[in-house]
Amino acid sequence: MIRLVQQIAAVVWKDLLIEWRGPARLSGLFVFAVAILLLMAFAAGSVEVMRKIAGGTLWVGMLLASTRSLDQSFSVEAEQGALEGLVLWPVDPLALFYGKALANALVLFGVGVALTPLTIAVMDAPIAGSPWVYLGFLVAGSAAVAAPGTLYAMITSQARGASVLLPLLLLPLVMPALLAASRGTTVLMEGDPMDQAGGWLGLLIAFDLVHWSLSGLLFSRIVENP
Amino acid sequence: MKLAWEHYIGLAGLVLMAAGNAIGLFWAPPEMMMGDVGRILYVHVPAAWICMVIYLVAFAGAVASLATARPGADALVESSVEVGVLLNVLLLVLGSIFAKPTWGVWWDWDPRLTASAIMCLTFVGVMVLRAMVDDVERRASWSAVTTVLAFVNIPVTYMSVRWWRSLHQVQSSSSTMSAEMWNVLWLNTVALLLVSIWFVARRYRIARDRADQLRAPPLEVAP
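Residue numbers (the working numbering), protein chains in the order written: chain A, 19 to 244; chain B, 60 to 282.
Don't read these hints as lab results, they were simulated from the structure.
Backbone N, C-alpha and C define an ideal beta-carbon position, used for all residues, glycine too.
One or more hints might be untrue.
Claimed, not checked - Far from chain B, by Cβ distances over 12 Å, these chain A residues were calculated: (1) Ile20; (2) Leu22; (3) Arg39; (4) Gly46; (5) Phe48; (6) Ile54; (7) Ala59; (8) Ser64; (9) Val67; (10) Val78; (11) Gly128; (12) Val131; (13) Trp150; (14) Tyr152; (15) Gly154.
Said to hold, decoys possible - Here are the simulated lysine to aspartate or glutamate pairs, DMTMM-like style, with alpha carbons at most 25 Å apart: (16) B:Lys159 / B:Glu90; (17) A:Lys70 / A:Asp142; (18) A:Lys70 / B:Asp169; (19) B:Lys61 / B:Asp268; (20) B:Lys61 / B:Asp271; (21) A:Lys70 / B:Asp167.
As the list claims (entries may be wrong) - FRET-style restraints, in silico, Cβ to Cβ: (22) A:Val94 / B:Val195: 22 to 32 Å; (23) B:Trp165 / A:Trp31: 50 to 60 Å; (24) B:Val195 / A:Arg39: 30 to 40 Å.
Please take these sequences and the hints and turn them into a complete structure.
As structure tokens, this is what we get:
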């Protein structure tokens, strides 16, 4: 168990270090999300509409940016057989999955945190509810995309048309999580007058529990049969 | 020439379907609130039920494929996912036709409708993935994994009408409709189930044949 935790920590550290040493990728991701935010703001037309769609816009930006980030997460492993090397080292497939998924969730959470002040400013939608619950949504929402996203990125990185296939597989699957995250974030921005944010956060956490356990289990099967 | 067993099932299904549709259209009583429009229930509800049953078969095939790596399990995934998507599209189209006269719109972002559309897209993703992978073993394991994950949303789709305040009515059962309507509904459900078994069985045979062609032929001793 301790060995597994050490391996997970090592994989997280390795992936975050790769992101840190290649800042162009991380900043590209952020700029991509900002572009979506601005496009949605232009399309909204009025301040009232912008406030209503602010939560959804933040999550659409994060979700679309995540497809680029997840795609890159495994394309770097494919270069010079790095993934094969990791498996042969031997790194436990569970540690490989949870390490990469955690690193992807942290990157996505970072994009969400950086995007928050911009969303508030551009969409004129301050967080009237609890900022801690808002942070909870960012953590749970990033995790909801990262777990199945990591599994699917592993699959699609080895298939034809990976850049098309990953969003096609991932977006419908995480739609319930996107719905919970965007609705929850929107009600928080409106001050949560009907006390609904807790319910949406609960749904998001349930989604996380199912997908983090199931994806880990299934990832081992894929690594055994790469 | 001896016909394969599934053709008899398919034939029985088609006969029952013709009878069920005729009874639903001409003999069954009109629904109290919706009148004749309510008769679409006899095809819409069976499409929903059998769609979920076929996805359940795909899930079972996927679990079996992951556990045993047998080509038959993969062929079952391929065939049932395709028939499931076909029924899912039928469900959405019939639901849309039902929605226009009853709700006044072709589509509403109601939790049940949204969940059904998501369900369709996730399984279409499995089909696209299969089309993008040439290696037989990889295709089997990857599509099994994606099918298992796609199936996770199905209980949510089924329970969505109870968990959220939905425009869509709750699941049909013998307690929500009269015995006369319930019997016609069951007749049509059995008919669609038989036809779907026919489709899955035919598609399964095609999938097995294609997979066998892709595998290397067995080594033989030189003459």
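Verification of the supplied hints:
no.: 1; hint: Ile20; in the structure: holds, 29 Å
no.: 2; hint: Leu22; in the structure: holds, 21 Å
no.: 3; hint: Arg39; in the structure: holds, 31 Å
no.: 4; hint: Gly46; in the structure: holds, 26 Å
no.: 5; hint: Phe48; in the structure: holds, 27 Å
no.: 6; hint: Ile54; in the structure: holds, 20 Å
no.: 7; hint: Ala59; in the structure: holds, 22 Å
no.: 8; hint: Ser64; in the structure: holds, 21 Å
no.: 9; hint: Val67; in the structure: holds, 16 Å
no.: 10; hint: Val78; in the structure: holds, 15 Å
no.: 11; hint: Gly128; in the structure: holds, 26 Å
no.: 12; hint: Val131; in the structure: holds, 28 Å
no.: 13; hint: Trp150; in the structure: holds, 26 Å
no.: 14; hint: Tyr152; in the structure: holds, 23 Å
no.: 15; hint: Gly154; in the structure: holds, 21 Å
no.: 16; hint: B:Lys159 / B:Glu90; in the structure: holds, 17 Å
no.: 17; hint: A:Lys70 / A:Asp142; in the structure: holds, 10 Å
no.: 18; hint: A:Lys70 / B:Asp169; in the structure: holds, 18 Å
no.: 19; hint: B:Lys61 / B:Asp268; in the structure: holds, 19 Å
no.: 20; hint: B:Lys61 / B:Asp271; in the structure: holds, 23 Å
no.: 21; hint: A:Lys70 / B:Asp167; in the structure: holds, 19 Å
no.: 22; hint: A:Val94 / B:Val195: 22 to 32 Å; in the structure: holds, 28 Å
no.: 23; hint: B:Trp165 / A:Trp31: 50 to 60 Å; in the structure: holds, 52 Å
no.: 24; hint: B:Val195 / A:Arg39: 30 to 40 Å; in the structure: holds, 39 Å
Taken one by one, the earlier hints all hold for this structure without exception.
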